[in-house]
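Visitor: Now for the letters of each chain:
Protein chains: 2
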Amino acid sequence: MSNVTLLPDDIAPIENVPLRVQVANRLRSAILSGRLRPGSGLVETALAEQMNVSRAPIREAIQILENDGLVETIAYKGKRVKPLTAREVAETYSLREVFEVMAVRRILDSGVPVDALHEYCEAMNAAAAADNYDALTAADEAFHHALIRLADHDLLLASWKNLYLRIHQIMALRNRDERNLQQIASNHPPIVKALEDRDADRAIALISEHTRALAAFDPATIVQDL
Amino acid sequence: MSNVTLLPDDIAPIENVPLRVQVANRLRSAILSGRLRPGSGLVETALAEQMNVSRAPIREAIQILENDGLVETIAYKGKRVKPLTAREVAETYSLREVFEVMAVRRILDSGVPVDALHEYCEAMNAAAAADNYDALTAADEAFHHALIRLADHDLLLASWKNLYLRIHQIMALRNRDERNLQQIASNHPPIVKALEDRDADRAIALISEHTRALAAFDPATIVQDL
DNA sequence: AGGTTGTGGAGTGTCGACAATCCATAAGTG
DNA sequence: CACTTATGGATTGTCGACACTCCACAACCT
Chain A
272 MSNVTLLPDD
282 IAPIENVPLR
292 VQVANRLRSA
302 ILSGRLRPGS
312 GLVETALAEQ
322 MNVSRAPIRE
332 AIQILENDGL
342 VETIAYKGKR
352 VKPLTAREVA
362 ETYSLREVFE
372 VMAVRRILDS
382 GVPVDALHEY
392 CEAMNAAAAA
402 DNYDALTAAD
412 EAFHHALIRL
422 ADHDLLLASW
432 KNLYLRIHQI
442 MALRNRDERN
452 LQQIASNHPP
462 IVKALEDRDA
472 DRAIALISEH
482 TRALAAFDPA
492 TIVQDL
Chain B
272 MSNVTLLPDD
282 IAPIENVPLR
292 VQVANRLRSA
302 ILSGRLRPGS
312 GLVETALAEQ
322 MNVSRAPIRE
332 AIQILENDGL
342 VETIAYKGKR
352 VKPLTAREVA
362 ETYSLREVFE
372 VMAVRRILDS
382 GVPVDALHEY
392 CEAMNAAAAA
402 DNYDALTAAD
412 EAFHHALIRL
422 ADHDLLLASW
432 KNLYLRIHQI
442 MALRNRDERN
452 LQQIASNHPP
462 IVKALEDRDA
472 DRAIALISEH
482 TRALAAFDPA
492 TIVQDL
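Here the protein sequences line up with chains A and B, keeping their order.
If you want the numbering used here, it's the position in the first sequence, counting the first as 1, plus 271.
If you want the numbering used here, it's the position in the second sequence, counting the first as 1, plus 271.
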C-alpha cells in the first residue's frame, strides 16, 4: 500500500527535530519575548539539567543563537544574552530602513503586483481597533515580511529576518503603553498606495519615515544593561 | 615585579585559541581559496582524524562556518560546502551594492574625511602595474573595507564582512585571466574624488556602477555545481 | 601595606563511546 | 515481476566524564 493518504491527519506529520534545535527555539523565544533579558548569563550545565539533556545540544543551541546575534560567548568565561546598547538599537533600525528601501526599489523595478499587502493593512486596523498590541505587532511583522518577499531576493529576505529578530527583542523590551496603535496601523496603507501608483520617491520616503519613527521611539528604555 | 616589559618579544604573546576556532579558520580559508569547492562533502569523522582532534570541535567549527553561510547541514545525512547558484552570486553583489551605497550616504552625511582611501588606490595601481592579481584583490578589499569603516556603523560593517566572505569565495573560483587589472584599479580614484567633492549622486552612481561591473563578470563560471 | 604566590570553585573545552537516522541494496513474498 | 520488508554501512546526534582556563580570594612573605 503506497498511497495510504487517508489517515486522520491529526497526529500524522511527525517531525524529528534535533534537540539542539528544540533547545535553540525555546531559548530564542525566551530572549525575543524578553523573559531572558540582555546581559543574562547562560550556564550550560544549569540549562542542561533544567531541560534534561546533555550539554552538547545546549552548546550547539547557544551557538545557533550566536549566529542569530542574540547571544555572545566569552571564551572560557561564559555566555550571555547579548547586551543591547542604544547605538545597536539605532543601527538595527537604520539597516532595516535600507533593507526595506531596497525591497521597494526592486518591487517597483520588477512591476510585481502588491495586492497581497492590503490584507495585512486590514489586520492591523482590526488589531488597532481592538486595542490588541500583540495582534498589531504580528500583523505589522507580516506586512513587512510580505513586502520583503515581494522583492524576490532570498539573501535580502534572510538578512531581513535575521535583523528582525533583534527588532522583535527590542519591541518586547519596550514599554507598550507609550505606543499609539492607531497611528502605526495608519502608516501602512499610504505605502501600499504609493506602490500601486508606482511612485518610487513617495514609497521610499514613506518607508523611511515609518522605520525612523519606530527607531526614534524610546530607545533609552532598554539601556539599563551592564 | 610587575613591569618586566623587557623580554625578548619573540615568543611573548601566547594565544590560547580554542580548537574549534583553529579548525574553523583552516576550513574557512580552504573554502575561500577554492581548495574546497562548493558541493564538497564535509565528513566529521574524516576531518577529525585528519586534523587529529575529536569530533566535538569539528562539529562546532562547521557550525561556525554555517553561520558564515559557507556550509550547509542536512540533518542525519551530511554537511557540505554550500553550492553557489548564479542567482546567489547575483544577489550577493546586489546586496553589496546596497551596503556600499549606504556607506557612501553616511560618509557624506557625517562629513568625515576620506583621505585614508588614497593609500589603497595607490596600492591598487602598484599591483595593477606589477600585474599582481592577489595584491590587487587584497588592496581592493582593503579599499572597500576602509570605505565601510568610515561609515561608522558596526552592524553594517559586520554584515558587509559576512557578505564579503562569499565574494572572496566567488573571486577565488573565477577565471583570473579574464580580469583587466588596470581597469579595476582605475575605477576607484574617481570614487574618492566624488567623496571629496561631496557629490553624493556621483559617488553613489560610481559605486553602483563599480559593483555591478564586478557582478556582471562571468558568473556562469561557477555554476557547474550539483 | 604592597606584592607575590597558592588554592578552590565555576564554567567552558575536549574526548571517546554509544544511539538514532537515513539510504541503498538485498532478500523475501504474493 | 511488482511490492514490501530486512539488513548493513555511513554519518550525524547525544551522552557522561575528564581536562583546561579563568578569576577571586586567601595565605604568605618582606
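It is possible that some hints are incorrect.
[Claimed, not checked] Facing chain B, a subset of chain A residues (Cβ under 10 Å, in silico):
hint : residue
1    : Arg306
2    : Glu331
3    : Asp339
4    : Gly340
5    : Arg351
6    : Val372
7    : Leu421
8    : His424
9    : Asp425
10   : Leu427
11   : Ser430
Don't read these hints as lab results, they were simulated from the structure.
Just so it is clear, CB atoms sit at the ideal spot from N, CA and C, and this is done for glycine as well.
Visitor: If a hint holds in the structure, say so; if it does not, say that too.
Guide: Hint check results:
no. : hint   : result
1   : Arg306 : violated, 24 Å
2   : Glu331 : holds, 6 Å
3   : Asp339 : holds, 9 Å
4   : Gly340 : holds, 8 Å
5   : Arg351 : violated, 18 Å
6   : Val372 : holds, 8 Å
7   : Leu421 : violated, 15 Å
8   : His424 : holds, 6 Å
9   : Asp425 : holds, 6 Å
10  : Leu427 : holds, 6 Å
11  : Ser430 : holds, 7 Å
When held up to the earlier numbered hints, the structure conflicts with 1, 5 and 7 and fits the remainder.
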